[in-house]
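Undergrad: Sequence:
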Amino acid sequence: PFLGNLVYTLHNKLIVEDIKNRQQNIAFESVERLSCLARSEDGKLVAVAQGDVGPDSVARIFVYEVNHKVNKQASAEPPRLLNTLSYHHSGIQSLCFAKGNEYLLSQGNKDGNSWAAWRLSNGRLVQGYDLTTHGYGPQN
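In our numbering, each residue carries its 1-based index in the sequence shown increased by 986.
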């Protein structure tokens, strides 16, 4: 737990639990199953990814700011969506923050054989590679 809260996934939900009062909030509900979660070193950012592609054949990554401030009712404020990232054309199996909160790395599942590096300040793909198409860079 960071900053007084615990963040976890349950099937297709991202849940933030205030440890002090045990209040759980569903921060996000995906159409697809959520496969992995990463939390930044300082605990302020959380990234969660879809394990399968959506109706548009792309798996998405959702990056949230997890606010540790407590409101007057003594419950944590809900996370705020910062970015929705898409590059992988199969599910995503792992996420990792790099250089503090500057970059996010993502790896596609075994069916997609892809990886991507994202700059979080603007939500842009810095570099990606898809082994199935042998292509570099952002998808067009």
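Since the hints were made in silico from the structure, they are not lab data.
Misleading hints may appear alongside valid ones.
Claimed, not checked - Each computed SDA-like pair below joins lysine to any residue, with the alpha-carbon atoms no more than 25 Å apart:
id	residue 1	residue 2
1	K999	L1068
2	K1085	D1116
3	K1085	V1112
4	K999	S1080
5	K1096	P1041
6	K999	L1091
7	K999	N1095
8	K999	L1023
9	K1030	S1080
10	K999	D1097
11	K1030	Q1010
12	K999	P1041
13	K1030	H1075
14	K999	G1029
15	K1096	S1107
16	K1085	R1046
17	K999	P1064
18	K1030	F1083
19	K1006	G1029
20	K1085	Q1010
21	K999	Q1113
22	K999	R1025
23	K999	F1014
24	K1030	K1096
25	K1085	P1041
26	K1030	Q1009
27	K999	N1011
28	K999	L1117
29	K1030	F1048
30	K1030	L1111
31	K1006	D1116
32	K1096	V1044
33	K1085	L1067
To be verified - What follows is a list of derived Cβ distance ranges for each label pair:
id	residue 1	residue 2	range
34	K1006	Q1113	36 to 42 Å
35	A1103	N1007	34 to 40 Å
36	D1028	Y994	17 to 23 Å
37	Q1113	R1008	40 to 46 Å
38	I1005	L1111	20 to 26 Å
39	L1117	K1085	23 to 29 Å
40	E1027	T1070	18 to 24 Å
All residues carry an ideal CB built from backbone N, CA and C; glycine is no exception.
Undergrad: Next, verify each hint and record whether it holds.
TA: A quick look at each hint next to the structure:
1. K999 <-> L1068: holds, 17 Å
2. K1085 <-> D1116: Answer holds: K1085 to D1116 is near 23 Å, not above 25 Å.
3. K1085 <-> V1112: At roughly 14 Å apart (the allowed maximum being 25 Å), V1112 and K1085 satisfy the hint.
4. K999 <-> S1080: Given pair K999, S1080 holds - Cα atoms ~17 Å apart, limit 25 Å.
5. K1096 <-> P1041: Holds - the C-alpha atoms of P1041 and K1096 are around 20 Å apart, at most 25 Å.
6. K999 <-> L1091: Given pair K999, L1091 holds - Cα atoms ~21 Å apart, limit 25 Å.
7. K999 <-> N1095: holds, 20 Å
8. K999 <-> L1023: Since the Cα atoms of K999 and L1023 sit roughly 11 Å apart, the hinted pair holds (cutoff 25 Å).
9. K1030 <-> S1080: Given pair K1030, S1080 holds - Cα atoms ~19 Å apart, limit 25 Å.
10. K999 <-> D1097: Holds, at about 23 Å.
11. K1030 <-> Q1010: Distance of about 18 Å is within 25 Å: holds.
12. K999 <-> P1041: holds, 18 Å
13. K1030 <-> H1075: Judged against 25 Å, a Cα distance of about 28 Å means the pair is violated.
14. K999 <-> G1029: Holds, because 19 Å separates the two Cα atoms, which is no more than 25 Å.
15. K1096 <-> S1107: violated, 29 Å
16. K1085 <-> R1046: holds, 22 Å
17. K999 <-> P1064: holds, 14 Å
18. K1030 <-> F1083: holds, 11 Å
19. K1006 <-> G1029: Holds, at about 17 Å.
20. K1085 <-> Q1010: Violated, at roughly 30 Å.
21. K999 <-> Q1113: Not OK: K999 and Q1113 at ~28 Å, beyond 25 Å, violated.
22. K999 <-> R1025: holds, 16 Å
23. K999 <-> F1014: holds, 6 Å
24. K1030 <-> K1096: Violated, because 30 Å separates the two Cα atoms, which is more than 25 Å.
25. K1085 <-> P1041: Roughly 33 Å between the alpha carbons, so the hint for K1085 and P1041 is violated.
26. K1030 <-> Q1009: holds, 19 Å
27. K999 <-> N1011: holds, 10 Å
28. K999 <-> L1117: violated, 30 Å
29. K1030 <-> F1048: holds, 14 Å
30. K1030 <-> L1111: Distance ~21 Å between K1030 and L1111 Cα, so the pair holds.
31. K1006 <-> D1116: With a Cα-Cα distance of about 43 Å, the restraint between K1006 and D1116 is violated, given a limit of 25 Å.
32. K1096 <-> V1044: Between K1096 and V1044 the Cα gap is close to 15 Å, so the pair holds against 25 Å.
33. K1085 <-> L1067: OK: K1085 and L1067 at ~21 Å, within 25 Å.
34. K1006 <-> Q1113: 36 to 42 Å: Holds, since K1006 and Q1113 (Cβ atoms, about 41 Å apart) stay within the stated range.
35. A1103 <-> N1007: 34 to 40 Å: holds, 38 Å
36. D1028 <-> Y994: 17 to 23 Å: holds, 18 Å
37. Q1113 <-> R1008: 40 to 46 Å: Given about 42 Å between the Cβ atoms, the range holds.
38. I1005 <-> L1111: 20 to 26 Å: Violated: the Cβ-Cβ distance is about 35 Å, outside 20 to 26 Å.
39. L1117 <-> K1085: 23 to 29 Å: holds, 25 Å
40. E1027 <-> T1070: 18 to 24 Å: holds, 22 Å
When held up to the earlier numbered hints, the structure conflicts with 13, 15, 20, 21, 24, 25, 28, 31 and 38 and fits the remainder.
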